[in-house]
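Each chain, written out:
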Amino acid sequence: MTEISPWAFLLVSVLATTLPRSLGALAAGRVDPNSRVFEWVTAIAYAMAMGLAVRLLLLPTGPLGETPIGDRLVAAGVALAVFFIMRQRFLYGFVAGVAMFWALQF
Amino acid sequence: MKFLSEDCCVPLLLGVRHALGVPGIAVFSSMFGFGAFANAAGFDFVLAVMSTLTLWALPGQVVFAELYPSGSLVVVFFGVFFANARFFPLALATIPMLEGAARFRPIHFVYAQLMSVISWSQLTRMVPTLQLPDRVPYFYGFTLTVIVIAGIATASGFWMSAIVPKHLGLVFLVIPALYFILISAGVKGRLPVLSVLCGAVFVPMVELVLPNWGLVVGGVLGGSAAFAIDHVWGAAQ
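Listed in order, the protein sequences are those of chains A and B. The letter at position 42 of the first sequence is residue 104 when you use the working numbering, and the numbering goes up by one with no holes. The letter at position 45 of the second sequence is residue 68 when you use the working numbering, and the numbering goes up by one with no holes.
FYI, nobody ran anything at the bench for these hints, they're computed from the structure. A hint or two may mislead.
Restraint ranges, calculated between C-beta atoms of paired labels, are given here [stated by the list, open to error]:
| hint | chain 1 | residue 1 | chain 2 | residue 2 | range |
| --- | --- | --- | --- | --- | --- |
| 1 | B | 210 | A | 120 | 28 to 36 Å |
| 2 | A | 127 | B | 67 | 20 to 28 Å |
| 3 | B | 127 | A | 98 | 19 to 27 Å |
| 4 | A | 154 | B | 69 | 47 to 55 Å |
| 5 | B | 65 | A | 165 | 27 to 35 Å |
| 6 | A | 168 | B | 126 | 56 to 64 Å |
| 7 | B | 258 | A | 77 | 34 to 42 Å |
| 8 | A | 165 | B | 69 | 41 to 49 Å |
| 9 | A | 128 | B | 123 | 38 to 46 Å |
| 10 | A | 164 | B | 67 | 20 to 28 Å |
| 11 | B | 126 | A | 128 | 51 to 59 Å |
| 12 | B | 257 | A | 120 | 27 to 35 Å |
Glycine included, each C-beta is placed from N, C-alpha and C at the ideal position.
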């Protein structure tokens, strides 16, 4: 694992989270949230969110990595299909994907 | 105290009541999955719950748990920073909704720390029906309730993943992945869609070449590529 205390990692993570929140609070009302710089930062955030999902599905660590990749992809596919069929209602897609993955693990 | 005056109680309790509906269910299910995920990543119980209460942003929390085994504080910092960078524009959008065009006050730091995508989304829907003085108590009621739900859910997921059968424990671990897939699938607009597609390609590719850096480097490359494509596309039109 690592020799650095896990609490040091949490502290670093708290700083990394507090920084954009605090800068946003300071700049609220003074900066145009539609500027190109904000668009770029937002684009990175979206790319990371999806990249995180793909990484968790394709290259998971721990016990999830022992499950067949096909099971994970089928569950994600079912979740997406139900999500779009139900007019992008999060809970329906979420429950369908979880139920499918559970069924595949029996 | 002004915060507890009768005028404040009605919007405060309205916020609590709304948080206990669909938003609370969504927060509970995702944070329940995070609790199980944190357990599998080697966190102890207190660290798992504290990461929910202090970070209060699922993408940053999952990145923290994913990158923690890398052993690099730098990797964790940049991973969490970019995962949560959206709070910058989100704070820009949220605080004026709470206080109108008010100048900066230190309490704005508290609003920024408490806010989340779900509270921003809820405020956006409620602003047309809430008077300006009612918005802050409503925000407190809503967001403090969902934070409490998140803490309880993390603790529950952490404990439950250790005692349930293996197949059920695996289900808890897949929850964060499905959550982010669906959140990403729901984006609207050319640039967000391009960003999601580029992130899906760049992150795993970079991860294969630079293990542990895929999320940070791939995310920056993917987001920048999407930004460039969007710019060229817009100019061409």
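Okay, the hints, checked on the actual structure:
1. B:210 <-> A:120: 28 to 36 Å: violated, 20 Å
2. A:127 <-> B:67: 20 to 28 Å: The hinted range 20 to 28 Å holds for residue 127 of chain A and residue 67 of chain B, with Cβ atoms some 22 Å apart.
3. B:127 <-> A:98: 19 to 27 Å: holds, 24 Å
4. A:154 <-> B:69: 47 to 55 Å: violated, 35 Å
5. B:65 <-> A:165: 27 to 35 Å: holds, 29 Å
6. A:168 <-> B:126: 56 to 64 Å: holds, 59 Å
7. B:258 <-> A:77: 34 to 42 Å: holds, 38 Å
8. A:165 <-> B:69: 41 to 49 Å: For residue 69 of chain B against residue 165 of chain A, whose Cβ atoms are near 34 Å apart, the range 41 to 49 Å is violated.
9. A:128 <-> B:123: 38 to 46 Å: Once the Cβ atoms are compared, 53 Å apart, the range 38 to 46 Å for residue 123 of chain B and residue 128 of chain A is violated.
10. A:164 <-> B:67: 20 to 28 Å: holds, 27 Å
11. B:126 <-> A:128: 51 to 59 Å: holds, 55 Å
12. B:257 <-> A:120: 27 to 35 Å: holds, 31 Å
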